[in-house]
Amino acid sequence: MKDLALYGVDCAKKYGASYADIRIIHAKNEGISIRNGQVGGIDRSETLGFGIRVIVDGAWGFAASSRVEKKEIEKTAKLACDTARASASLKLKSVKLADEPVYDEKWQTPYIIDPFKVPLEEKLSLLSKIDEVLRKSDKIKVAHSWMDFFYEHQYLAISSGTFIDQTLMRSAAGYSATAVDKGEVQRRSYPSSHGGIAKTAGYEIIRGSDLLENAERIRDEAVALLTAEPCPSGQYDTIIDGTQLALQIHESCGHAAELDRVLGSEANYAGTSFLTLDKLNKLKYGSKIVNLVIDGTIPGGLATVGFDDEGVRAGRYYLVKNGLFVGYKTNRELAHIVGEKRSRGCCRADGYSNLPMIRQNNLSLLPGDWDFNALLEDTPGGVYMVNNKSWSIDQQRQNFQFGCEIAYEILPGGKLGKIYKNPTYQSNTVQFWNSCDAICNEDWWRLWGVLNCGKGQPPQTAEMSHGAAPARFRKLTIGIAR
Amino acid sequence: MEREEMKRLCERVLSFVRVPEAEVLVNQSSGGLSRFANNQIEQNVNDSGVSVSLRVIENRRVGRASCNILDDRALERMVRAAEEMTKFVPEDKEYLPLPEPQSYERLDAYVESTAKVTPKKRADAIADFLKSARRKKVTAAGIISAGASAVAFANNRGMFAYHRQTQADYSVTVMTDGSAGWARELGRDFSKIDFEGASEKALRKALESRNPRKIEPGEYDVVLEPAAVADLVMFLAWLTFGALPYMEGRSYISGKLGEKVFDEKLTIDDDVYHPLSGGMPFDFEGMPRKKVRLIENGVAKAVVHSRKTAKKMNTETTGHGLPEPNSSGPIPLNLVVQPGDSSLEEMIASTKKGILVTQFHYTNSIDPMKIILTGMTRNGTFLIKNGKVAHPIKNLRFTESMVKALSNIESIGKTLHRTEGFFGGGPVVPAMKIRNFRFTSLSEST
Chain A
0 MKDLALYGVD CAKKYGASYA DIRIIHAKNE GISIRNGQVG GIDRSETLGF
50 GIRVIVDGAW GFAASSRVEK KEIEKTAKLA CDTARASASL KLKSVKLADE
100 PVYDEKWQTP YIIDPFKVPL EEKLSLLSKI DEVLRKSDKI KVAHSWMDFF
150 YEHQYLAISS GTFIDQTLMR SAAGYSATAV DKGEVQRRSY PSSHGGIAKT
200 AGYEIIRGSD LLENAERIRD EAVALLTAEP CPSGQYDTII DGTQLALQIH
250 ESCGHAAELD RVLGSEANYA GTSFLTLDKL NKLKYGSKIV NLVIDGTIPG
300 GLATVGFDDE GVRAGRYYLV KNGLFVGYKT NRELAHIVGE KRSRGCCRAD
350 GYSNLPMIRQ NNLSLLPGDW DFNALLEDTP GGVYMVNNKS WSIDQQRQNF
400 QFGCEIAYEI LPGGKLGKIY KNPTYQSNTV QFWNSCDAIC NEDWWRLWGV
450 LNCGKGQPPQ TAEMSHGAAP ARFRKLTIGI AR
Chain B
0 MEREEMKRLC ERVLSFVRVP EAEVLVNQSS GGLSRFANNQ IEQNVNDSGV
50 SVSLRVIENR RVGRASCNIL DDRALERMVR AAEEMTKFVP EDKEYLPLPE
100 PQSYERLDAY VESTAKVTPK KRADAIADFL KSARRKKVTA AGIISAGASA
150 VAFANNRGMF AYHRQTQADY SVTVMTDGSA GWARELGRDF SKIDFEGASE
200 KALRKALESR NPRKIEPGEY DVVLEPAAVA DLVMFLAWLT FGALPYMEGR
250 SYISGKLGEK VFDEKLTIDD DVYHPLSGGM PFDFEGMPRK KVRLIENGVA
300 KAVVHSRKTA KKMNTETTGH GLPEPNSSGP IPLNLVVQPG DSSLEEMIAS
350 TKKGILVTQF HYTNSIDPMK IILTGMTRNG TFLIKNGKVA HPIKNLRFTE
400 SMVKALSNIE SIGKTLHRTE GFFGGGPVVP AMKIRNFRFT SLSEST
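Protein sequences appear in the order of chains A and B.
At position 456 of the first sequence (counting the first as 1) the number is 455 in numbering that gives the first Met the number 0, and the numbers step up by one without a gap.
At position 406 of the second sequence (counting the first as 1) the number is 405 in numbering that gives the first Met the number 0, and the numbers step up by one without a gap.
Just to be clear, a hint being listed does not mean it is correct.
Okay, derived cross-link-like pairs now, DMTMM-like style, lysine to aspartate or glutamate, Cα gap no bigger than 20 Å in a straight line [said to hold, decoys possible]:
id, chain 1, residue 1, chain 2, residue 2
1, A, K90, B, D123
2, A, K278, B, E207
3, A, K27, B, D70
4, B, K393, B, D176
5, A, K69, A, D9
6, A, K135, A, E183
7, A, K27, A, E203
8, A, K116, B, E83
9, A, K128, A, E212
10, B, K403, A, E183
11, B, K311, A, E71
12, B, K115, A, E71
13, B, K387, B, E409
14, A, K140, B, E75
15, A, K27, B, E83
16, B, K120, B, E195
17, B, K135, B, D176
18, A, K27, B, E82
19, B, K6, B, E75
20, A, K27, B, D176
21, B, K413, B, D220
22, A, K140, B, E247
23, B, K136, B, E195
It is worth saying that the hints were derived from the structure and are not from the lab.
Computed from a prediction, not measured in an experiment: that's the story for all the values here.
Let's have the full structure, built from the sequences with the hints guiding it.
Structural data, given as structure tokens:
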């Protein structure tokens, strides 16, 4: 593959590219699900292909193909260069890339058990056991348990001389129970609704998980929600669990700080951002205890890599430090706009056929110093919300409204009281993070995966993790959708 | 890919199969997309590829594998991987034998010239507008794309289905300092896309949206342009009109077929054969896709079916199955809301106090049974006063039940448009005027 990758770079240079990179990717995926005792989905897929990205006359062109052979590589390199010339015909300024050292390296996700070598019987056995427990109530109309495994072998060659051979492995599993009765539908999922247990790791994370042990509780909660009171409306001190905060971080911090989005590249689709350049190092994004860190190196993170898709070594950077907004997610093209000499390594593509673009990296809210039980005790009359059910945020990432699967009344003394159905909360990003006055400590902090982040036209999907512990937000507006 | 080439590929895959039943799905696509922002092309991409997916069944046990590598070795590896699964998966209690060959309605959706649009032609189509945007000191962003796709479906009982189509898409957002406007043209033929008209519409919306004023959230009559309607009705496709949620009691219309569920002005079909629709005349089981009347004059008439759901409800499939096995059940992919008799101007003229919405953003579901949705207005939101557009307003978040909203329809537009919601879909929809639509909060975002 290395020879073919280098050939692709040479072809691009022959057709006029001043910069070229090629990614040849061999990927495998296995997805299995059980729905109500039946196979709900099953597939083993294998794909191979390449994408060539070039700069000609100061403008970008990209072309991809699934036929990895010399003749097709040359044809595709020429198409990428012709496409760049078409871009150049309307360019206002030339692309300028931040420097990055030249690498010749190999990197691999650390894992213990190759999930593709674990017998299908074992996987189906666990999913079927979960399914059985979930369906032990006749109110559960849909029990859905699933696993997903992904392997990607990438060969990246860049005209600077870089060659990176990188292998990524992801494993994920989860389930949900949907209860239905008398015109009411309620769902609970475990461990979270957007990626279950999901990490760059092998099957060991599933063998070591508590998936089965929690199935009974999740089933019973889904059934109990059918007759629960609706979430109260008004302004309440609210503790938001890490399962929900992960998506809150994703939507209101992660996307808002993508520099391409800030500069208008996403304006026609997902939108722009309120985090305009004048806010860097000036905006009090959150309260002093709010620290958000971009980290492409954290073990198990779904966006944890050795190098991003334009050959930048993964790193760790503050996005918000002690409440102050201090940094964007960048790539090699845009880093200089914010006065930085190197990219922060946030440029990734969905497979071989898509253009690398700034994507959310792993982004986490650092732990605070509260014990969860002490926080409950300190929040009598408040509400505790768990696990995402609904999400919506405006085009500049300010006004948002989230729905959770379940909420609990917090009684004096810190005990959890009755449960509420259909909890929702609504706020604006800066107001919300400035109302955060307590974050639980590292004992309660976990890394939550998001497997379905969409961005770009044509649309691309990416995966990333967000670490969070339960945190308290004062006088949050809740219960909008009563 | 031409029909015969696809057929040969399907036959080659099926020739490797050793188990009694097998079906193969082949997708091929090629196309390009230029993405512009800040008045220049910033991303410019092309992609071509073929993917093959195989389902095999032995002793009522199913296996599926897929690949995009077309040499015999890779294809055989795929076949063996699918076959191996059948040894371990549970027996399908709802097993149906693969269907016999079917006949399909012709659906002419391929325009040769659209399949051959080059990057230069894409750039040329937007060049004048980008130059004009620079002169007018506004900022344009958008996409222009053209491409072709083909799909073939075959099984080892002799079924073969083939369809190819082209798609051209132009979507443009124009921004001033503090306002934005948007327009989109979607169709099969690149040469029929009205680039100038769409660009001018987006520009006009942006200019008219400058200096928006705040209004208090609350209930207002709304005039929804087609793009806003599309965002709402797509949730009916996902939550309400499929046979699986219907049978499981998870749909608002569960148990209500034959009952009035929405305003009598509302009629909705699923109709891939509508001239504005995009899609194929068969489903992922190879069954012919039928036109289905889902809502007629506000009365729930039907849900869409796959072979399995049809058997359970003692009816015939409507040709809306997804690749088996799946967890979603059948889904209508080509909603058409039947037109009414009002123009957008007449809807505005008949409104004493209301809001004109160009587009919704990031609409999502809160409660599937009441079809409660929330989302933001975007790219041109205006207050209507005494029958006239009075002034632009700041964007608002709505939180509203579609059961209520679609029971409060005052009038429906007479012109249909094909457009997409934020999460996709390609319904054909008119504008719509709805009474007492609930807005719950305000945003400073433009």
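Hints, verified against the model:
Proposed proximity of K90/A and D123/B is supported: the alpha carbons are some 13 Å apart, at most 20 Å. Annotation: proposed proximity of K278/A to E207/B is violated, straight-line Cα distance about 28 Å (limit 20 Å). Between K27/A and D70/B, the direct Cα distance comes to roughly 17 Å. Compliance with the 20 Å bound is thereby established for this hinted pair. Using a Cα cut-off of 20 Å, the hinted pair K393/B and D176/B holds, with the two alpha carbons roughly 14 Å apart.
For the suggested pair K69/A and D9/A, the alpha carbons sit about 11 Å apart, so the restraint of at most 20 Å is met. Restraint check for K135/A and E183/A: the C-alpha separation of about 19 Å stays at or below 20 Å, so the hint holds. For a cut-off of 20 Å, the pair hint linking K27/A to E203/A stands: about 19 Å separates their Cα positions. Only pairs whose Cα atoms come within 20 Å are accepted, and K116/A paired with E83/B is accepted, the gap being roughly 13 Å.
A distance of roughly 10 Å separates the Cα atoms of K128/A and E212/A; the hinted pair therefore holds under the 20 Å criterion. Proximity of K403/B to E183/A is assessed by CA-CA distance (about 17 Å); at most 20 Å being required, the pair is judged to hold. The straight-line distance between the Cα atoms of K311/B and E71/A is roughly 49 Å, outside the 20 Å bound, and the hint therefore fails. Distance restraint check for K115/B and E71/A: the Cα-Cα separation of roughly 18 Å lies within the 20 Å cut-off, and the hinted pair is therefore satisfied.
Note on K387/B and E409/B: the hinted pairing holds, with a Cα-Cα distance of about 17 Å set against a maximum of 20 Å. Under the criterion of a C-alpha separation no larger than 20 Å, the hint pairing K140/A with E75/B is inconsistent with the structure, at around 39 Å. For a cut-off of 20 Å, the pair hint linking K27/A to E83/B stands: about 16 Å separates their Cα positions. Between K120/B and E195/B, the direct Cα distance comes to roughly 15 Å. Compliance with the 20 Å bound is thereby established for this hinted pair.
With a C-alpha separation of about 12 Å, the suggested pairing of K135/B with D176/B holds against the 20 Å cut-off. For the suggested pair K27/A and E82/B, the alpha carbons sit about 17 Å apart, so the restraint of at most 20 Å is met. At most 20 Å may separate the alpha-carbon atoms for a hinted pair to count; K6/B and E75/B meet this at roughly 17 Å. With a C-alpha separation of about 46 Å, the suggested pairing of K27/A with D176/B is violated against the 20 Å cut-off.
A threshold of 20 Å between alpha carbons decides the hint, and for K413/B with D220/B the separation of about 19 Å falls inside it, so the pair holds. Among the hinted pairs, K140/A with E247/B is consistent with the structure: their alpha-carbon atoms are about 6 Å apart, no more than 20 Å. Restraint check: the Cα-Cα separation between K136/B and E195/B comes to about 18 Å, which is no more than 20 Å; the hinted pair holds.
Hints 2, 11, 14, 20 from the earlier list are contradicted by this structure; the remaining hints agree with it.
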